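Engineer: Given the coordinates of chain A, assemble chain B onto it according to the supplied hints.
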Amino acid sequence: MIVRILGEGQLQVDDAASDELNALDAALERAVNEGNEQAFRPALVALLDRVRTLGTPLAEDVLEPSDSILPRADADLDEVRHMLTDEGYIPG
Amino acid sequence: MSVMKRVSMIFRAKANKALDRMEDPRETLDYSYQRQLEMLTQVRRGVADVATSRKRVELQMNSLRQNQNRLEGQAKQALGAGREDLAREALGRRAALQSQLTDLENQYQSLQADEEKLTVASQRLQAKVEAFRMQKETIKATYTAAEAQSRIGEAVSGISEEMGDVGMAVQRAQDKTAQMQARAGAIDELMASGALEDMSGTPRDDIQAELDSMRGGQNIDLELERLRGEIGAGNAQAIEGGAQAPDGAARPAAAERPQAGDGA
Numbered sequence: 169m170i171v172r173i174l175g176e177g178q179l180q181v182d183d184a185a186s187d188e189l190n191a192l193d194a195a196l197e198r199a200v201n202e203g204n205e206q207a208f209r210p211a212l213v214a215l216l217d218r219v220r221t222l223g224t225p226l227a228e229d230v231l232e233p234s235d236s237i238l239p240r241a242d243a244d245l246d247e248v249r250h251m252l253t254d255e256g257y258i259p260g
Numbered sequence: 171m172s173v174m175k176r177v178s179m180i181f182r183a184k185a186n187k188a189l190d191r192m193e194d195p196r197e198t199l200d201y202s203y204q205r206q207l208e209m210l211t212q213v214r215r216g217v218a219d220v221a222t223s224r225k226r227v228e229l230q231m232n233s234l235r236q237n238q239n240r241l242e243g244q245a246k247q248a249l250g251a252g253r254e255d256l257a258r259e260a261l262g263r264r265a266a267l268q269s270q271l272t273d274l275e276n277q278y279q280s281l282q283a284d285e286e287k288l289t290v291a292s293q294r295l296q297a298k299v300e301a302f303r304m305q306k307e308t309i310k311a312t313y314t315a316a317e318a319q320s321r322i323g324e325a326v327s328g329i330s331e332e333m334g335d336v337g338m339a340v341q342r343a344q345d346k347t348a349q350m351q352a353r354a355g356a357i358d359e360l361m362a363s364g365a366l367e368d369m370s371g372t373p374r375d376d377i378q379a380e381l382d383s384m385r386g387g388q389n390i391d392l393e394l395e396r397l398r399g400e401i402g403a404g405n406a407q408a409i410e411g412g413a414q415a416p417d418g419a420a421r422p423a424a425a426e427r428p429q430a431g432d433g434a
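Residue numbers (our numbering), protein chains in the order written: chain A, 169 to 260; chain B, 171 to 434.
Next up, chain A with everything else stripped away, as it sits in the complex (with noise of 0.2 Å):
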């Protein structure tokens, strides 16, 4: 699957890591849905890395939507809770 990291590119990783990037995402959810400021950093960050370790960049002139999407490593929980909510916060 083709994960992309919101300013960072996207990545290809495989489908077998599938389990624990949701269980990392799950974590993730949670802090949002929960407002948990605490919970939230380290849960992005984790998620991140994993799927950074896990991932091969994709080159630069591949097409390709991606499967997920990931906020940006140094968005805060409210940018994150808005993007979730707010389709006109992307533009496109």
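Accuracy of the hints is not assured; some may be wrong.
Stated by the list, open to error - Chain B is nowhere near these chain A residues, computed Cβ spacing over 10 Å in every case:
1) Glu202
2) Asn204
3) Gln206
4) Val213
5) Thr221
To be verified - The calculated lysine to any residue pairs, modelled on SDA-like cross-linking and capped at a C-alpha distance of 25 Å, are:
6) B:Lys346 x A:Gly177
7) B:Lys346 x A:Asp242
8) B:Lys310 x B:Gln296
9) B:Lys184 x A:Ala227
10) B:Lys225 x B:Thr289
11) B:Lys175 x A:Ala184
12) B:Lys287 x B:Ala301
13) B:Lys346 x A:Arg249
14) B:Lys225 x B:Gln212
15) B:Lys287 x B:Tyr203
16) B:Lys346 x A:His250
17) B:Lys175 x A:Asp242
Stated by the list, open to error - Derived Cβ-Cβ restraints for the label pairs, each shown as a range:
18) B:Met384 x A:Asp244: 48 to 56 Å
19) A:Asp183 x B:Ala356: 51 to 59 Å
20) A:Glu247 x B:Gly323: 27 to 35 Å
21) B:Gly323 x A:Arg249: 26 to 34 Å
22) A:Ala227 x B:Asp190: 22 to 30 Å
23) B:Ala348 x A:Asp246: 17 to 25 Å
24) B:Tyr201 x A:Asp244: 28 to 36 Å
25) A:Arg220 x B:Tyr201: 33 to 41 Å
26) A:His250 x B:Lys310: 33 to 41 Å
Please keep in mind that the hints were generated in silico from the structure rather than gathered at the bench.
In this text the structure is predicted, and so the values were computed from the model without any measurement.
Glycine included, C-beta positions come from ideal geometry on N, C-alpha and C.
Structural biologist: Positioned in the frame of chain A, the structure of chain B alone reads:
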């Protein structure tokens, strides 16, 4: 639903909107390509804006460092003259400038990081736009309505995701640059008003004024001595032409004062 899926769905919805807009799928290609070129221009402008902002912060940092050096020089000078109070004052102001400088250094690093990220993003977008242009031409050349739809959809979704990503980055950089410009403007104003000790030898530099007046005081004592000597020696002439003596004495004194000021 998970964060990963929700964000990508929002992106995909955007791409689909772009696809639905046109009757003929080939128009979608041209429309999308136009948008891509606009976005490229926007990203490059974003990089330039961040660079300008970074340079401005750099100039301010240099200026603050110069002021710090000057204050240190003044502290030494004051100590040399036995004025510990003045030296303390100068060192105190030097320390006060440090927090401002640290703040600017952080801003500088942040802008530098943004500039690098945006530059990379703009290169990546450019590579994708070029790939899109080639695909667009191929699709148009071999166009059969049935197969084109899906190929166009793929190409457009792929690039519109990149555009959304880059667009967010540019937007963020622009917001941040605007903020920093405002802060930089505030610092410029503080410097201009003297609140940040813009010590370019201006009259508002009171430490320098005091150091100068100390030295000036010594000079005046010396001049008084010299004048006394001249008057003593030239007493006879002074009685003969009273108007000439004060005139002649005033001239060298006036000529020496600016020199004392230059040395300060």
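Engineer: Next, verify each hint and record whether it holds.
Structural biologist: Quick rundown of the hints versus the structure:
no. : hint                            : result
1   : Glu202                          : holds, 13 Å
2   : Asn204                          : holds, 14 Å
3   : Gln206                          : holds, 17 Å
4   : Val213                          : holds, 13 Å
5   : Thr221                          : holds, 16 Å
6   : B:Lys346 x A:Gly177             : holds, 21 Å
7   : B:Lys346 x A:Asp242             : holds, 14 Å
8   : B:Lys310 x B:Gln296             : holds, 21 Å
9   : B:Lys184 x A:Ala227             : holds, 23 Å
10  : B:Lys225 x B:Thr289             : holds, 16 Å
11  : B:Lys175 x A:Ala184             : holds, 17 Å
12  : B:Lys287 x B:Ala301             : holds, 21 Å
13  : B:Lys346 x A:Arg249             : holds, 20 Å
14  : B:Lys225 x B:Gln212             : holds, 20 Å
15  : B:Lys287 x B:Tyr203             : holds, 23 Å
16  : B:Lys346 x A:His250             : holds, 18 Å
17  : B:Lys175 x A:Asp242             : holds, 19 Å
18  : B:Met384 x A:Asp244: 48 to 56 Å : holds, 55 Å
19  : A:Asp183 x B:Ala356: 51 to 59 Å : holds, 52 Å
20  : A:Glu247 x B:Gly323: 27 to 35 Å : holds, 29 Å
21  : B:Gly323 x A:Arg249: 26 to 34 Å : holds, 30 Å
22  : A:Ala227 x B:Asp190: 22 to 30 Å : holds, 29 Å
23  : B:Ala348 x A:Asp246: 17 to 25 Å : holds, 19 Å
24  : B:Tyr201 x A:Asp244: 28 to 36 Å : holds, 34 Å
25  : A:Arg220 x B:Tyr201: 33 to 41 Å : holds, 34 Å
26  : A:His250 x B:Lys310: 33 to 41 Å : holds, 39 Å
Comparing the model with each earlier hint shows no violations; every hint is respected.
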